[in-house]
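Let's have the full structure, built from the sequences with the hints guiding it.
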Amino acid sequence: MLPEASTLAPSVDRIFWGLVGLSVLIMAIVGGLVFAFAIKYRRGTDAYRGPLPEWMSREVEIGWTVSTLFVALFVFWWAAAAQLPHFLLPKDALEIHVVAKQWMWKVQHPEGVREIDALHVPVGVPVKLEMTSQDVIHSFGVPAFRIKQDVLPGRYTTTWFEAKEVGDYHLFCTEYCGTDHARMTGTITVMQPEAYARWLSAQPHGEDLAGEGGQLYTALGCSACHGANARVPAPSLAGLYGSQVVLTDGSRVTADEDYLRESIERPEAKVVAGYSSTMPAYQGVASEEQVVALVAYIKSLDDRRSAAR
Amino acid sequence: MKVDDTGLLAREPDETSYLTAGTTLRSWLLSTDHKRIAILYAASITVFFFIGGAAATMIRLELFTPAGDLTTADEYNRLFTLHGVIMVWFFLIPSIPGTLGNFLLPLMVGAKDVAFPRLNLMSWYLYVTAGLFTLAALLLGGVDTGWTFYTPLSTLYSNSYVLLAAFGIFVVGFSSIATGINFIATIHLLRTKGMTWMRLPLFAWAMYATSLVMVLATPVLAMALLLICGERLLGLPIFDPRVGGDPVLFQHIFWFYSHPAVYIMILPAMGVVSEIIACEARRRVFGYQFMVYAMLVIAVIGFLVWGHHMFVAGQSPFASMIFSFLSFVIAVPSAIKVFNWTGTLYRGRIRFSAPMLYALGFVGLFTLGGLTGLFLASIPVDVHLSDTYFVVAHFHYIMVGGAVSAFFGGLHFWWPKITGRLYNENFARSAALWLFFGFNFTFFPQFILGYLGMPRRYHEYPPEFQVWNVMSSTGAVVLAVGYLMPLFYLGYSLLHGERAGDNPRDATGLEWTTSSPPPQHNFHEPPVVRSEPYAYHDWDEAPGDADETPQTDPA
Amino acid sequence: MSSTPILVEPFEEPERQREAMVFGLWLFLATEILFFGGFFFLYAVARMQDPVGFAKGAARANLLLGTVNTVLLMTSSATLTVAERAAQAGWMRGARGAILATLALGTAFLAVKGFEYREDLSEHLFPTSPAFPFSGLVGATRFWSFYWFVTIVHAIHLTIGLGCVARLLRLDLPRRWMVAEVTTLYWHFVDIIWLLLWPLLYLVGP
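Chains as they are written, first to last, in the UniProt record's numbering: chain S, 1 to 309; chain Y, 1 to 555; chain A, 1 to 206.
Hints were generated in silico from the structure; no laboratory data involved. Certain hints may be false.
[To be verified] The following label-pair restraints were derived from C-beta to C-beta distances:
| hint | chain 1 | residue 1 | chain 2 | residue 2 | range |
| --- | --- | --- | --- | --- | --- |
| 1 | S | Arg42 | Y | Thr65 | 44 to 50 Å |
| 2 | S | Arg42 | Y | Pro317 | 50 to 56 Å |
| 3 | S | Leu25 | Y | Ser531 | 35 to 41 Å |
| 4 | S | Phe70 | Y | Ala319 | 52 to 58 Å |
| 5 | Y | Gly194 | S | Arg42 | 31 to 37 Å |
| 6 | S | Arg43 | Y | Val467 | 39 to 45 Å |
| 7 | S | Met27 | Y | Asn426 | 51 to 57 Å |
| 8 | A | Pro133 | Y | Phe444 | 56 to 62 Å |
| 9 | Y | Phe437 | S | Arg42 | 49 to 55 Å |
[To be verified] With the C-beta cut set under 8 Å, the calculated list includes, among others, these residues of chain S facing chain A:
| hint | residue |
| --- | --- |
| 10 | Thr248 |
| 11 | Arg252 |
| 12 | Glu268 |
| 13 | Ala269 |
[Said to hold, decoys possible] Computed footprint of chain S on chain A, listed as stretches where at least three residues anywhere in the stretch have a Cβ under 8 Å from a Cβ of chain S:
| hint | segment |
| --- | --- |
| 14 | 50 to 59 |
| 15 | 133 to 140 |
Heads up, the beta-carbon is just placed ideally off N, CA and C, and yes, glycines get one too.
Okay, here's the thing in structure tokens:
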């Protein structure tokens, strides 16, 4: 049987088995009636076969139409209500970045540890996945956690889970992505927090994601304009993340990950009011992982910390 | 009448049937007779059914073992794409409308032909041309995008013959639009005297609802495929994420067609089953008007539920909620139909002929297919099940257990009318039972596989899934054998079957009032309808008495 | 009416046949509406996602040629209606003249469109052209993708329409004026689509 390895799993299974029960019931009613009628009213029996009064068939029709509608609406309410909490991302989650490409999963922990086709997570801690794809659409599916989310090129998608049982679980790519789709699999290893910490410190440590982004910030020349002492006018990045930005056409956008990413890759798309668009497009210049790092760096800048690093 | 054994083309003594009206190849290929076009369709969809079936058999054989040992990954991907494309567009969609619909609709409404006979012939030529394009794509090396052609895989990354296949599907779309226009116009304008809307047989109503969906959904697919061709051929970016295009937009457009397309496949099946059950249970259809409205409601709401294919695709949660809600709503008219078929059996006088076995099998399989649809309409359960074998099993229950069973049932039911010959009832019954068993054997284990998390379109899989895959693959072999059986006994019937009378099933529809096979112009004089369809009598009568009133007689 | 219309299987009365042809064509137009509806949906999405870039791109569309074409097509609809009425009334010379005028106007539309394409290409207004002036600007790229797609598709429709109109010249119109009626219906539809495209393509830019 499939383990219920996340906090979400029991609620999904409850609905699943509830629906199985409902299906068995309806199959039993329909199948039972078909069998009973087939036997009782087979040709040649002397069962009573008089006409049905008109009103009766109408009442019956209305009866089962209304009751089916009630059942359908009830299941909708039940399932939708169970899904609502999952739509809200937990605030204090461990944030893991996932980049999918044909045909592998590249995973990066906030401390900078990287993994391929594998993900180690601590048990009992909400984990938020920030995912994007380098080429086609993939999908991050972990049956034991009952989660699945398509990973799209040119955009971030997120999902989250909180593992509740230690163990190794399958990770499948569940959106057909070309030749080796069936080999785009991996293992999710859920560990006790202490074991996770030990594992983490034993890994070769790169710079953490934001730190790596900070280096890129200088290396790719961002600081030349966005830095504190730059001569070219460019909007400051400090405190940008999560704030409201007014654009040249007067509209407002929230500076979320997608906005930051778009503004790095295609700066002309949304230009901040008061600035002209002189920034070059970094699409194809910065790799998918570099963009992820840059976004992480910008997110790490709050008001107290200067962008001129 | 003398019984002769000289074969299909033997001439009846006193009249010319549509089969004998001309014997040259030309008289078939250039015929505008709806009955001959139906035969042309029947022959060509049979070819495609066996091509698609061969691909399915290969797929299941590969999945006997967890390792990808029979085919390479690329070959496997091409096989399932081929299977999907052929079965959806070249078998299921034209199956009942192209064959039974073309043959029966004018007969049922009492017309000489469909409204636009030449357009009807053109639709078959479009179908064949499209089929050749698709077969060309197959012979040159295949397509590896899946039948869904998701971007940017299909536009930027696939190195296979996407253009040819997409163009083939674009063309076959026109064939289904032509059929749809013809059927709607025929029903609106060519009903014979006395054939009011509420006297139309449910099969005609089913064709009407189907045609509405064909006419309104197919052009959207045409547009989506055109955009794919444009993006591949000219590089015009619409879905390309590198220039700000949205690949999910393609999914919206695609499913706006492809979900209603499911109803193009299942509505005709519902029509066929309603006819069979009423006739073989010798009973008026329970809740005729509700059946009609249910089909129309399905056709309309069918356009509003496409987003349930995209719960994990990154669409907004609000959109998912609305689509989930509407998907539950559409379950209601489908349930009504199931209850009404069951209710029709009540107080009937049931004959267990082969068509009836197919029809009863349909009711069971369609119910299970529909109920598992509720799982997929529930967002949290769908997140777990989408793109797994659960989905594969679900839609095969609807499309194979439902639509194909009904097609076979209808083929047997009207076989005497179409060919003028009877088939061997015992062989046919055994085939029906064999197929029912083989079908469940193949597809029920896939529900379990899906719940356990096995993704679809995998040619290799973790070994713990093997038990269920072996069951499913064994069932597929049983099923494949089952589909060959009708070829033999129906083929035998075609050449040596006993001659059928005009109304061997004692049914009420207008198609049974003319000779079997029907004359070239369907009726010797235009029939006049004087009663409702399904006037099978409620009371017991002395043995030997007719227990039905044909639509041409007053009730 | 000058003479009795030709009846084709399966019809027995001319009025019913006419009704069927017109009804059938309306059904076909319903599919066309859904087809172009898909394009308009794409337009709406593209414009909503980046209105500023979209307008920047649209500013480069040639308003003059677009407007000339609108006038040409509107006039052609009028001439074809004249032809259809003339055919119904049995005035064959008038019908022929009006059909020829329609053909001329339709061809002129395609010619103007051809000049416009040439000008667009010389200004590299093709999204995959290396010198595309708006590369990196999402809205403008999508505007020009849409522009090429939809105008080519419209031009194909118009070419088919020209074929249908030309066919009228070879028909026994006094007895088959119904064909003229449905041809006119189709022509008007192609015209109306252009009437929607004209503001969407040429009047959006600042």
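Outcome of range test on Cβ distance (S/Arg42, Y/Thr65; 44 to 50 Å): Hint holds: Cβ distance 45 Å, inside 44 to 50 Å.
Pairwise beta carbon distance, S/Leu25 to Y/Ser531, judged against the given window 35 to 41 Å: 39 Å Cβ-Cβ, so the 35 to 41 Å window holds.
Y/Pro317 and S/Arg42 - C-beta distance against the hinted 50 to 56 Å: Since the Cβ atoms of S/Arg42 and Y/Pro317 sit about 52 Å apart, the hinted range of 50 to 56 Å holds.
Y/Asn426 and S/Met27 - C-beta distance against the hinted 51 to 57 Å: violated, 29 Å
Assessment of proposed distance window 39 to 45 Å (beta carbons of S/Arg43, Y/Val467): The hint (39 to 45 Å, Cβ to Cβ) holds, given that S/Arg43 and Y/Val467 are roughly 43 Å apart.
Outcome, coverage hint (the segment 50 to 59 of chain A, chain S; C-beta under 8 Å; three residues): Per the Cβ count (4), the hint holds.
Pairwise beta carbon distance, S/Phe70 to Y/Ala319, judged against the given window 52 to 58 Å: This hint is violated: roughly 25 Å between Cβ atoms.
Proposed interface contact between S/Glu268 and chain A, which counts if any beta carbon pair is under 8 Å: holds, 5 Å
Outcome for the supplied range 56 to 62 Å, where the beta carbon pair is A/Pro133 and Y/Phe444: holds, 60 Å
31 to 37 Å as the expected CB spacing between S/Arg42 and Y/Gly194, which holds or is violated: Hint holds: Cβ distance 34 Å, inside 31 to 37 Å.
Minimum beta-carbon distance criterion (8 Å), S/Ala269 to chain A: S/Ala269 check passes; min Cβ-Cβ to chain A is 5 Å, inside 8 Å.
Restraint check, 8 Å cut-off on beta carbons, for S/Arg252 near chain A: Violated - the Cβ of S/Arg252 stays beyond 8 Å from chain A, reaching only about 13 Å at its closest.
This entry does not satisfy hints 4, 7, 9, 11, going by the numbered hints stated previously.
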